[in-house]
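Quick mapping for you: the protein sequence lines, in order, are chains A and B.
The opening position of the first sequence corresponds to residue 14 in our numbering, with each subsequent residue numbered one higher.
The opening position of the second sequence corresponds to residue 14 in our numbering, with each subsequent residue numbered one higher.
It is worth saying that the hints were derived from the structure and are not from the lab.
Warning: the hint list may mix true and false statements.
Intra- or inter-copy, both count: the list cannot distinguish identical chains.
[What the hints assert, rightly or not] Restricting the straight-line Cα-Cα distance to at most 25 Å, the calculated cross-link-like pairs of lysine to any residue (SDA-like) are:
1. K182 to N338
2. K182 to D320
3. K90 to N338
There are 2 protein chains.
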Amino acid sequence: MTRDEARARDAADPLRGYRDRFALPDGVLYLDGNSLGPLPRDAAPALADMAGRQWGERLIRSWNEGWIDAPQRIGGKIAALIGADPDEVIVADSTSVNLFKLLVAALRHDPARHTIVSETGNFPTDLHIAEGAVGCVAGARLNAVARGAISAAIDGDTAVVLLTHVHYKTAERFDMASWTAAAHAAGALTLWDLSHSVGAVPVDLNAAGADLAVGCGYKYLNGGPGAPAFLFVARRLQERLASPLSGWMGHAAPFDFADAYQPASGMKRWLAGTPSMLAMAGLEAGVDLWRAVDQQAVATKSAALFDQFAAIGARLNLECASPANPERRGSHISFRHPQAYALCQALIARGVIGDFRDPDILRFGLTPLYLGFEDVWCAGSILADILTSGAFRDPAFAQRNAVT
Amino acid sequence: MTRDEARARDAADPLRGYRDRFALPDGVLYLDGNSLGPLPRDAAPALADMAGRQWGERLIRSWNEGWIDAPQRIGGKIAALIGADPDEVIVADSTSVNLFKLLVAALRHDPARHTIVSETGNFPTDLHIAEGAVGCVAGARLNAVARGAISAAIDGDTAVVLLTHVHYKTAERFDMASWTAAAHAAGALTLWDLSHSVGAVPVDLNAAGADLAVGCGYKYLNGGPGAPAFLFVARRLQERLASPLSGWMGHAAPFDFADAYQPASGMKRWLAGTPSMLAMAGLEAGVDLWRAVDQQAVATKSAALFDQFAAIGARLNLECASPANPERRGSHISFRHPQAYALCQALIARGVIGDFRDPDILRFGLTPLYLGFEDVWCAGSILADILTSGAFRDPAFAQRNAVT
Numbered sequence: 014m015t016r017d018e019a020r021a022r023d024a025a026d027p028l029r030g031y032r033d034r035f036a037l038p039d040g041v042l043y044l045d046g047n048s049l050g051p052l053p054r055d056a057a058p059a060l061a062d063m064a065g066r067q068w069g070e071r072l073i074r075s076w077n078e079g080w081i082d083a084p085q086r087i088g089g090k091i092a093a094l095i096g097a098d099p100d101e102v103i104v105a106d107s108t109s110v111n112l113f114k115l116l117v118a119a120l121r122h123d124p125a126r127h128t129i130v131s132e133t134g135n136f137p138t139d140l141h142i143a144e145g146a147v148g149c150v151a152g153a154r155l156n157a158v159a160r161g162a163i164s165a166a167i168d169g170d171t172a173v174v175l176l177t178h179v180h181y182k183t184a185e186r187f188d189m190a191s192w193t194a195a196a197h198a199a200g201a202l203t204l205w206d207l208s209h210s211v212g213a214v215p216v217d218l219n220a221a222g223a224d225l226a227v228g229c230g231y232k233y234l235n236g237g238p239g240a241p242a243f244l245f246v247a248r249r250l251q252e253r254l255a256s257p258l259s260g261w262m263g264h265a266a267p268f269d270f271a272d273a274y275q276p277a278s279g280m281k282r283w284l285a286g287t288p289s290m291l292a293m294a295g296l297e298a299g300v301d302l303w304r305a306v307d308q309q310a311v312a313t314k315s316a317a318l319f320d321q322f323a324a325i326g327a328r329l330n331l332e333c334a335s336p337a338n339p340e341r342r343g344s345h346i347s348f349r350h351p352q353a354y355a356l357c358q359a360l361i362a363r364g365v366i367g368d369f370r371d372p373d374i375l376r377f378g379l380t381p382l383y384l385g386f387e388d389v390w391c392a393g394s395i396l397a398d399i400l401t402s403g404a405f406r407d408p409a410f411a412q413r414n415a416v417t
Numbered sequence: 014m015t016r017d018e019a020r021a022r023d024a025a026d027p028l029r030g031y032r033d034r035f036a037l038p039d040g041v042l043y044l045d046g047n048s049l050g051p052l053p054r055d056a057a058p059a060l061a062d063m064a065g066r067q068w069g070e071r072l073i074r075s076w077n078e079g080w081i082d083a084p085q086r087i088g089g090k091i092a093a094l095i096g097a098d099p100d101e102v103i104v105a106d107s108t109s110v111n112l113f114k115l116l117v118a119a120l121r122h123d124p125a126r127h128t129i130v131s132e133t134g135n136f137p138t139d140l141h142i143a144e145g146a147v148g149c150v151a152g153a154r155l156n157a158v159a160r161g162a163i164s165a166a167i168d169g170d171t172a173v174v175l176l177t178h179v180h181y182k183t184a185e186r187f188d189m190a191s192w193t194a195a196a197h198a199a200g201a202l203t204l205w206d207l208s209h210s211v212g213a214v215p216v217d218l219n220a221a222g223a224d225l226a227v228g229c230g231y232k233y234l235n236g237g238p239g240a241p242a243f244l245f246v247a248r249r250l251q252e253r254l255a256s257p258l259s260g261w262m263g264h265a266a267p268f269d270f271a272d273a274y275q276p277a278s279g280m281k282r283w284l285a286g287t288p289s290m291l292a293m294a295g296l297e298a299g300v301d302l303w304r305a306v307d308q309q310a311v312a313t314k315s316a317a318l319f320d321q322f323a324a325i326g327a328r329l330n331l332e333c334a335s336p337a338n339p340e341r342r343g344s345h346i347s348f349r350h351p352q353a354y355a356l357c358q359a360l361i362a363r364g365v366i367g368d369f370r371d372p373d374i375l376r377f378g379l380t381p382l383y384l385g386f387e388d389v390w391c392a393g394s395i396l397a398d399i400l401t402s403g404a405f406r407d408p409a410f411a412q413r414n415a416v417t
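Construct all of the structure, not just a fragment, from the sequences and the given hints.
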């Protein structure tokens with residue numbers, strides 16, 4: 014694709030209007046929206062209103078003027094993006110904390126089942142938290158196996174199958190419906206981590222018959238650094254599972270100040286402590302931006318951006334680690350390269366922000382709302398220049414940052 | 014105290030300058046800073062910088078430019094307010110979630126001990142979370158007893174004594190040193206909830222020999238609605254306790270993306286998921302305001318404001334539920350009244366914001382940084398007017414809000 018062809022694609026892009034809704038800095042090609050989504054223009058005034066008016070002027074009264082319902086309200090908006098009903102999703106805590114709640118609850122759901130089945134190389138916090146969860150339920154264990162062995166690992170002892178829908182390194186995507194059916198056939202629940210899926214690929218939890226899910230607010234949802242996460246519990250399970258993190262905000266009547274814990278009905282029981290309203294304001298601005306977006310247009314453009322970037326990689330003899338079939342991947346593209354870290358740093362020095370994942374993955378988030386074909390063309394030509402010139406071999410680029 | 018006398022006290026108040034550092038709305042006497050502290054003027058530009066520059070312009074690079082260290086940096090600043098060393102405090106999650114982490118860790122600390130001892134009528138989330146924590150450790154139990162029976166309940170089976178330093182209703186304050194000594198004499202750990210203490214009364218965790226503590230960021234620290242909370246672990250215990258919420262941010266090397274969990278050394282192991290930086294920006298602005306404050310001046314003024322309000326209550330024949338001895342209470346005053354809810358609503362309608370705690374407590378936060386003697390004089394005269402006129406008997410004031 015030539016630069017002119019890329020410009021023509023941008024001009025014809027039905028999502029083109031969304032680009033102006035983000036405050037993208039000059040001189041940066043941002044291909045890291047799958048690690049931290051950029052600032053929606055509406056977020057700044059929303060935060061100013063949250064601080065100045067809601068906190069500053071209305072003070073404690075704001076709890077009765079929209080705050081107390083924020084976790085359910087924003088959850089309902091996210092539900093529309095993942096094929097769930099509004100009363101099946103709530104915003105709370107972090108993805109890690111929500112994984113813990115749901116894994117412990119799932120392990121307690123059927124006393125005859127004791128195992129969490131998951132994948133080695135899953136996003137680390139999923140496995141770390143699974144370790145923590147099995148430590149909290151007598152007899153529980155974690156069985157993490159390679160992807161090819163998951164199917165055989167699901168058996169009559171499996172309480173829950175914990176899978177990340179789109180892999181954070183390779184972008185490989187599980188077929189949610191068929192894996193859910195396989196888990197159900199063995200009597201197990203499924204817990205899907207949607208962190209690299211929501212806002213990236215079509216997700217239909219209820220069509221797939223999914224049981225449980227969690228996901229991140231700060232990637233494709235553009236909810237701000239460390240934005241609150243969400244969790245989904247299928248309605249049929251809502252009264253049968255309870256949170257081990259039995260905090261007051263999940264109590265049936267938090268302002269009765271009773272000594273004994275009584276879980277709220279519905280999704281409110283998954284709340285623990287008091288949620289940050291500053292964080293909620295950022296997340297809601299990001300989520301609101303998605304409300305009118307045509308998800309099919311996002312999927313189509315994501316596939317086209319991927320094809321464009323894959324062709325650039327092929328021309329540069331880079332090994333693509335992501336699946337060729339768009340139905341089997343997320344919305345990022347990864348290449349393997351022995352100097353992936355230095356390459357990533359050299360790109361950043363030229364204004365192309367992607368990221369590195371240990372040990373050899375160079376990863377680019379393809380975010381159709383604000384990324385265009387000309388952006389990918391420019392990133393590709395800078396990547397070509399760095400590879401051909403050998404600029405990435407500068408020792409300065411090998412020096413690791415705290416966060417890679 | 015006459016209004017003129019109150020004005021004279023304000024004019025001589027060494028903390029008077031702090032009032033201008035808060036954006037207090039006109040027409041409001043805010044006596045609810047112990048439920049939600051008001052907006053520090055510095056918070057609005059701090060949030061604008063966090064959103065516009067750090068998130069918007071620097072994007073993912075900000076993780077290497079101050080974000081990754083924020084939990085420890087802000088924790089270190091809070092440490093100075095509670096008699097801890099900077100490396101003994103970290104900011105993370107909510108008070109509820111932090112209670113869970115520390116209670117489970119404390120229950121696992123000595124396999125011969127199985128009991129959490131706490132107080133009936135403790136702040137609800139402390140007891141609710143303790144219920145959740147004992148559900149996660151085989152053989153563990155919660156023994157919540159009335160204050161007078163706590164001492165006798167601490168025995169050789171006690172793993173941890175969970176006490177809230179200042180009671181959220183009555184403002185009664187435990188003597189931290191003597192209760193810690195009593196717990197230690199029985200071989201138990203102590204876990205102090207400082208939510209109504211930090212920024213309110215002098216706290217010296219290390220002088221008291223305390224083991225563990227948690228606290229809230231959104232009350233006297235003025236960190237914003239639902240601000241992140243903090244936790245303290247005495248250095249001698251730091252390598253012997255680990256979090257059941259074993260998320261990636263608490264890993265020894267989170268960006269190695271290893272499958273197996275390995276807790277970080279020091280306080281970082283108490284992090285779970287990715288913290289919200291918008292929430293952190295609000296909290297840091299609140300905490301920074303405290304850095305130059307003379308804590309002894311705060312205690313002295315708190316006691317004087319209490320005496321002034323107690324005298325008003327006595328004149329109005331209100332039953333004071335808070336201790337007369339300033340060493341034995343926090344920085345709020347509570348009165349019992351059968352129509353406490355309606356009284357609270359009638360006060361709010363006149364611009365005096367205090368709060369109601371079920372069933373009969375009318376509570377006023379006495380926050381020396383921005384509350385003056387004339388404020389208390391005015392609140393008292395409005396309270397007198399409402400009581401004498403019977404205005405609080407209007408049925409509209411009996412109608413409950415979602416959050417009381």
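Evaluation of the provided hints:
In this homomeric assembly, K182 and N338 come within 25 Å of each other (Cα to Cα) only inside a single copy, at 16 Å, whereas the closest approach across copies is 61 Å. Taking CA atoms no more than 25 Å apart as the test, K182 paired with D320 passes inside one copy only; the shortest distance there is 18 Å, against 62 Å between copies. For the identical chains of this complex, K90 and N338 are neighbours neither inside a copy (29 Å) nor across copies (51 Å), given an alpha-carbon limit of 25 Å.
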